[in-house]
Amino acid sequence: MKYVGFFFSLTLTLLVAVGLSINLAGLPPLVGVFDPFRGVWQNTYSEDRNPQESLELEGLTAPVEVSYDAHLVPHLFAENETDLFRAQGYVTAAHRLWQMEFQVRAAEGRLSEVVGEMALPYDREMRRKGLAFGAETKLAFLERTDPELIALMQAYAEGVNAYITQLDPGKLPIEYKLLDYRPEPWSPYKSLVFLMNMAETLSGDSDFAYTNFRNLFGESWMQNLFPEYPEGVVPVVSKERWGFRAGSPRPPRLSYPDSDLISKALPGKEPGYGSNNWAVSGSKTASGNPILANDPHLALNLPSLWYAIQLSTPEFSVKGGSLPGALGVVIGFNEHMAWGLTNADRDVKDWYKITFKGSSRKEYLYNGQWIQSTTRLETIGIKGQSDYIDTVIYTHYGPVVYDKNFMTEKKPVDFALKWTAFEPSNEQRTFIQLNKGRNHADFLEAISSYVAPAQNFAFAAADGDIAMAVQGKFPIKWRGQGKYLMDGSNPDFEWKGWIPDAHQLREMNPERGFVQSANQHSASDNYPYYVFADAYEYHRNRRIDQRLSEMEDITVEHMMELQVDNFDMHASETLPFLLESLDSSHYTAPNLKWIEKLQAWEYQANPDLAAPALFTSWWRHLESELYGSWDSKGLPIVYPAKYVLSSLLQTAPAAPWFDNPATEEQETATHWVNAGFEAMIQEMEAREVLPDSLNWATYKGTVIAHLIPNFRSFSKKDLPVGGGRNIVNATSDDWGPGWRMVVEMGEPIQAYGVYPGGQSGNPGSRFYANLVGKWASGEYLRIDLRTASDREGILFKTTFKPD
1 MKYVGFFFSL TLTLLVAVGL SINLAGLPPL VGVFDPFRGV WQNTYSEDRN
51 PQESLELEGL TAPVEVSYDA HLVPHLFAEN ETDLFRAQGY VTAAHRLWQM
101 EFQVRAAEGR LSEVVGEMAL PYDREMRRKG LAFGAETKLA FLERTDPELI
151 ALMQAYAEGV NAYITQLDPG KLPIEYKLLD YRPEPWSPYK SLVFLMNMAE
201 TLSGDSDFAY TNFRNLFGES WMQNLFPEYP EGVVPVVSKE RWGFRAGSPR
251 PPRLSYPDSD LISKALPGKE PGYGSNNWAV SGSKTASGNP ILANDPHLAL
301 NLPSLWYAIQ LSTPEFSVKG GSLPGALGVV IGFNEHMAWG LTNADRDVKD
351 WYKITFKGSS RKEYLYNGQW IQSTTRLETI GIKGQSDYID TVIYTHYGPV
401 VYDKNFMTEK KPVDFALKWT AFEPSNEQRT FIQLNKGRNH ADFLEAISSY
451 VAPAQNFAFA AADGDIAMAV QGKFPIKWRG QGKYLMDGSN PDFEWKGWIP
501 DAHQLREMNP ERGFVQSANQ HSASDNYPYY VFADAYEYHR NRRIDQRLSE
551 MEDITVEHMM ELQVDNFDMH ASETLPFLLE SLDSSHYTAP NLKWIEKLQA
601 WEYQANPDLA APALFTSWWR HLESELYGSW DSKGLPIVYP AKYVLSSLLQ
651 TAPAAPWFDN PATEEQETAT HWVNAGFEAM IQEMEAREVL PDSLNWATYK
701 GTVIAHLIPN FRSFSKKDLP VGGGRNIVNA TSDDWGPGWR MVVEMGEPIQ
751 AYGVYPGGQS GNPGSRFYAN LVGKWASGEY LRIDLRTASD REGILFKTTF
801 KPD
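According to the numbering used here, the sequence shown is numbered sequentially starting from 1.
Treat the hints with care, since some could be wrong.
Stated by the list, open to error - Computed list of lysine-lysine pairs in DSBU-like fashion (alpha-carbon distance at most 35 Å, straight line):
1. 633 <-> 404
2. 411 <-> 633
3. 436 <-> 357
4. 717 <-> 436
5. 411 <-> 284
6. 717 <-> 171
7. 383 <-> 716
8. 362 <-> 284
9. 410 <-> 362
10. 473 <-> 597
11. 284 <-> 357
12. 383 <-> 239
13. 239 <-> 362
14. 362 <-> 383
15. 593 <-> 171
16. 473 <-> 436
17. 774 <-> 284
18. 633 <-> 593
19. 473 <-> 357
20. 496 <-> 239
21. 473 <-> 593
22. 597 <-> 411
23. 496 <-> 357
24. 716 <-> 797
25. 717 <-> 383
26. 473 <-> 362
27. 383 <-> 411
28. 357 <-> 797
29. 357 <-> 411
30. 633 <-> 171
31. 239 <-> 284
32. 410 <-> 239
33. 774 <-> 717
34. 801 <-> 642
35. 774 <-> 797
36. 633 <-> 597
37. 633 <-> 716
38. 404 <-> 284
Hints were generated in silico from the structure; no laboratory data involved.
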């Protein structure tokens, strides 16, 4: 009962939080919540001991043994893949059922069913973006082309459902009790919805904001403030010769549609989502073995996005980070190879302005003809209210997401989405094949079925090979295509086919001894195809490239140190100029205490330092003051990358974008540097902090929040971590490295990993967030492959037996 006092206060806090966010009619019956036999009291347990040493699992053909280590990481040993994935479904649901279901509900646009009308706008957008439609398309494709995979996905689903069927109401995850609903059966379709949601999270576009900016400020500003290939870029793959000639077609002569009606900011990819990965060859390591490192950056949530697991059959044994809801290990290693992923930012979402014939929208104009559209009625259940029926029109491009009925302030416009994620694909097969891969050829074969979201796959093998592959299904575009809203009636705006697999970006065993990616440009600027994205990274990747170029006799410890590297390259390239440009009038006694902190800074964004907070504040205010002077007429626009703005401040200080048209003076870069400094001083005074009490960790305020933000008692906040945006240790206020892994492919393999959470999804368990402290301090767990006979460090074992 040691958790009871903690859980009592937790429950009261949660009920208040729920009351603040949901209509009272939607609250769970309090009698049920506090029922001593089925209520929240029953969730005050930890999984230290297994009440069942063996249990029957319907559908198994042979026993499956599961060993849980001291951190509750399960190691599954099965005789075949079908049994393996059936048991994986059961084990994952046992620890993460609510998370699995909630994430899929969100992607399907079904949150209103459990939280009420407040979620209706979100649900409508998810329905209109077609995530469920895309999952249905993929399911039909897999049923036709890969029945073996469907059978494995069905086994996983049946494992999940077996857990749901036997679930004691008292042990129902607490979120179900507080929101007063019950889990639904799992299915292969739900796994595909989950994968579609990952594609949505990692596929960005700013077509509307780019369109507005060009219309407001002209092509010259666009070219200078948003160069498609800035000087100093370090691409993922660079070659002097590509070995093929085919490439992007010439841009046709055309006119973009009138777009002055885009007056509302439309949601895009969350800023900062990215990742780091790299692989170094044995020529640069102390042991002579390749080493691979990966740390994907996504939202920091509890339960954690990642679930550590080992999956073993007589044919293979794989370990790493899985995603609850998907089969296999997504990022990990086996006896022969290791792999890691980062987001390959590419523009694979395009928007088309549709011209319909009449208000019924049954036909739309295309190439001088009227083409028939289709209609999909979306019925959205709302807790405590009648269903909401939304009509979504589909064109040959894809769904009309934004129209007079949604997000355009009732203006008569229709914007359709074309997205590679709607294409038939088999990402689930990719991960299963990677789990079993033995060499580089297997690696390439595994990723060949992968479409979206585009990823940079890093690879290292026990045979010594290292490689990088930029993988996805990429449309062939003429230069500039897809950057702005396009005319859906003109076929010249259509994609021109797909980049052939033989022309994809690949690199193997480069002379420099390493490969690396961190969401930067995919290819050098001589790549024959047009490559564009709206949010490339310009600092993390250069820092990683710099350090790997310098390092020799590399060990796994060196790779761990690099993953938590706090050096702020943006500050190192910008702060000296800011200080040089500071007007002498600012060097007053009250200000000197802040200036001296910045002058003494060595650009390490460590949690206990004041300087990172001061520089961040200065830069943010500089941007805010400058951009506030641009007359955007209230329209959403894009803003330059830090890398570009920092360069322009120093190389083009008298450029027109630095002049404020609202004043008679001619402002230059120096004006905005000083305006930002003044605002920074004002912020520090308002915060009532002193230089010795200000620290980066508190200023940044990193939080690992529960998936439902109002459930604050289930979150971890004010974590003492450094790093930040555009830093290798990319830990911001609410996103960062959700899984860190370093693997040396020697004999034996040495593997290390950690993530900011725990294996259990139950906030009452000691395994809910037990790894947060280690993650925050840069520590790692040893995560080597285990055998079925290993006994050391085992918490308990369970044997699944055929029914």
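- Query: Which of the numbered hints are not met once you compare them with the structure shown?
  - Reply: Checked against the structure, the hints that fail are numbers 3, 4, 5, 8, 10, 11, 12, 13, 15, 18, 21, 22, 28, 30, 32, 34, 36, 37 and 38, while the rest are satisfied.
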